[in-house]
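Q: Whole structure, please, built from the sequences with the hints as guidance.
Next come the chains, spelled out residue by residue.
Protein chains: 2
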Amino acid sequence: MVKARQWILANKPTDLPRISGDQPTFKLTETDLPDPKDDEVLVKPVYISNDPAQRGWISPEAHPDRLYVAPAKEGEPMPARALAEVVETKSGSFKKGDWVFSQCGWTEYAVVPAKSLQPVPELEGGLSKTLYLGALGGTGLTAYFGLMDVGKITKDDIIVISGAAGATGSMCVQIAKKLVGCKKVIGIAGTDEKCKWVESLGADQCLNYKSSSFKEDLAAATPGPEGFANVYFDNVGGEILDFMFTRMARHGRIVACGAIANYNTMSDRATGLKNWFEVIQMRIQIRGFIVIDFLPRANEAREAFKKMLQEGKLKVEGGEHVVKGSFEDVPKTWLKLFEGGNQGKLVTEVA
Amino acid sequence: MVKARQWILANKPTDLPRISGDQPTFKLTETDLPDPKDDEVLVKPVYISNDPAQRGWISPEAHPDRLYVAPAKEGEPMPARALAEVVETKSGSFKKGDWVFSQCGWTEYAVVPAKSLQPVPELEGGLSKTLYLGALGGTGLTAYFGLMDVGKITKDDIIVISGAAGATGSMCVQIAKKLVGCKKVIGIAGTDEKCKWVESLGADQCLNYKSSSFKEDLAAATPGPEGFANVYFDNVGGEILDFMFTRMARHGRIVACGAIANYNTMSDRATGLKNWFEVIQMRIQIRGFIVIDFLPRANEAREAFKKMLQEGKLKVEGGEHVVKGSFEDVPKTWLKLFEGGNQGKLVTEVA
Chain A
1 MVKARQWILA NKPTDLPRIS GDQPTFKLTE TDLPDPKDDE VLVKPVYISN
51 DPAQRGWISP EAHPDRLYVA PAKEGEPMPA RALAEVVETK SGSFKKGDWV
101 FSQCGWTEYA VVPAKSLQPV PELEGGLSKT LYLGALGGTG LTAYFGLMDV
151 GKITKDDIIV ISGAAGATGS MCVQIAKKLV GCKKVIGIAG TDEKCKWVES
201 LGADQCLNYK SSSFKEDLAA ATPGPEGFAN VYFDNVGGEI LDFMFTRMAR
251 HGRIVACGAI ANYNTMSDRA TGLKNWFEVI QMRIQIRGFI VIDFLPRANE
301 AREAFKKMLQ EGKLKVEGGE HVVKGSFEDV PKTWLKLFEG GNQGKLVTEV
351 A
Chain L
1 MVKARQWILA NKPTDLPRIS GDQPTFKLTE TDLPDPKDDE VLVKPVYISN
51 DPAQRGWISP EAHPDRLYVA PAKEGEPMPA RALAEVVETK SGSFKKGDWV
101 FSQCGWTEYA VVPAKSLQPV PELEGGLSKT LYLGALGGTG LTAYFGLMDV
151 GKITKDDIIV ISGAAGATGS MCVQIAKKLV GCKKVIGIAG TDEKCKWVES
201 LGADQCLNYK SSSFKEDLAA ATPGPEGFAN VYFDNVGGEI LDFMFTRMAR
251 HGRIVACGAI ANYNTMSDRA TGLKNWFEVI QMRIQIRGFI VIDFLPRANE
301 AREAFKKMLQ EGKLKVEGGE HVVKGSFEDV PKTWLKLFEG GNQGKLVTEV
351 A
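Chains as they are written, first to last, in full-length UniProt numbering: chain A, 1 to 351; chain L, 1 to 351.
There are no misleading hints in this set.
A pair holds if it fits inside one copy or across any two, identical chains being indistinguishable in the list.
For lysine-lysine, the following DSBU-like pairs were computed, each having C-alpha atoms within a straight-line distance of at most 35 Å: (1) Lys73 x Lys215; (2) Lys196 x Lys324; (3) Lys210 x Lys12; (4) Lys184 x Lys152; (5) Lys27 x Lys336; (6) Lys152 x Lys183; (7) Lys152 x Lys177; (8) Lys210 x Lys196; (9) Lys44 x Lys315; (10) Lys196 x Lys129.
Calculated from the structure, these hints are not laboratory results.
A: Here's what the structure looks like:
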């Protein structure tokens, strides 16, 4: 029997999740785990993936008929994806010391069915296995299928990518510029330093949305009518999306991937989109998109990334932001996502 | 030489256009028209088409890089489509007394190039030629291509149509139910009387958006998850569109055809769309759409309508709202569109 501390979802948040004070979102508890039974495995999550999407899973507005996963439940551990080590096993599929991919959530240990786990293969070239949580995992697949299948980008396209210094956005920039060779790739990020990094990944230009001249800058980067954006890969929603409606080319495509600008607010208080008539007059196409619809084709993306890595077209250095800390700090690290505190994929390493 | 009174665009409106008072939108003037030169025709518009889209053409926000037609100019006659009679002709293509389709605008007479005119053929079965302005004209084509090509409706679809008692919406209802045979057709209109009429056109149900229980009614008409709408044909934008985001089925399609709810306000004061995350989580597809992109295929729709008429599947009685009045009343009649004052296509007959 193993004792495990867990971060429990205590109160579904209506605004920014909070760790302390009144109605804290999370609560640290300790529980006795049962011994693994046949075909079960005891795992220890070591690298925890921090994803903006988790905020949606714990929203009081999340509804099983609408969300693409079962909404999180109060009283249960905060759901999260992680790379975990096998500690004890009653399954022939895994041996002690194996690295596995698990949806075990914010817990020190978990007893899970072996069939819920996926093996984590070694990466060539001395690359860190944590890349399976980001560039080479779900995040990379999101960028790949969002651009190739949903956005249908071609080398003739001018493309704008918001959240460009984030996990998905930084992959988008590289796929658009280095794999497809888009005519112009414009990133949007939240600090000048991040913008520089995005440009180092291949963006022709990256604009700081916190600059007072941001809208003028974005308009200047997409001068009409020849320079309007053909594709907008949207990770943020809100005010930037609303402004982008006015910068899209006729028959332009918007890939609606994320809306972090409004994740910490109930929908009735969200920033409303006001430039809707642009969607009509410019005949814009918009597609909402969740990567799970494309998982059966994951290998296609993985092969593309392998080739990009071999050809030096995919830069993973600087694309991971690993925060090493104690289990107590897990929620605090996750909250960095909503402060713009990370560059690339934010990973928690539980010390 | 002919004298012609004209309704001139005097001031581009930032809210509801007004005929009198301060900064009136329109001004009645009189002008001397030159005699027609070679290949020109003098026409008298008799049946004027009243279209919500005209409001967009006169917006101060209309920009030549964005709008699908040249924005209207202050000092020039209000642009409008009309059926006109040929009064005098210097063209071999038309003779005196011919009926023609013209974009001549709000004027008593106009001298126009013959090549800008289209002939108006006689309709079989004693049907009024004014149908060429509505059901059998651009309005009907809008409904047809919006549903068939943009919305790609099938008989398995549950479809919601806003503005269902309007010119486009009333055609949509009939095409969805009588031509395609959609599983369920739900209309939205602004009075109980209109709703009854929409149901008489074939809608399974029509909801009054002015009812205090409207949102509950619409939710009950689209019960999740099996009864969510597969297609939403949107003529209105604004609050109804925002609510419809929450009633769409996974992978549902929205045909963004109109946004009359916000036509009389500058975009910064428009009703903002707040339920955007639904677009992502339900993987909704949205396509903005203007009928001009489909005009080369107009005959396809006209053939379909002819067959529907022959088979008794297209009801045009009650689908026209003809207001007979003097030329002075032209703007007042057009403004009925924004008061919900019309059922079906609103046509002005200049007495």
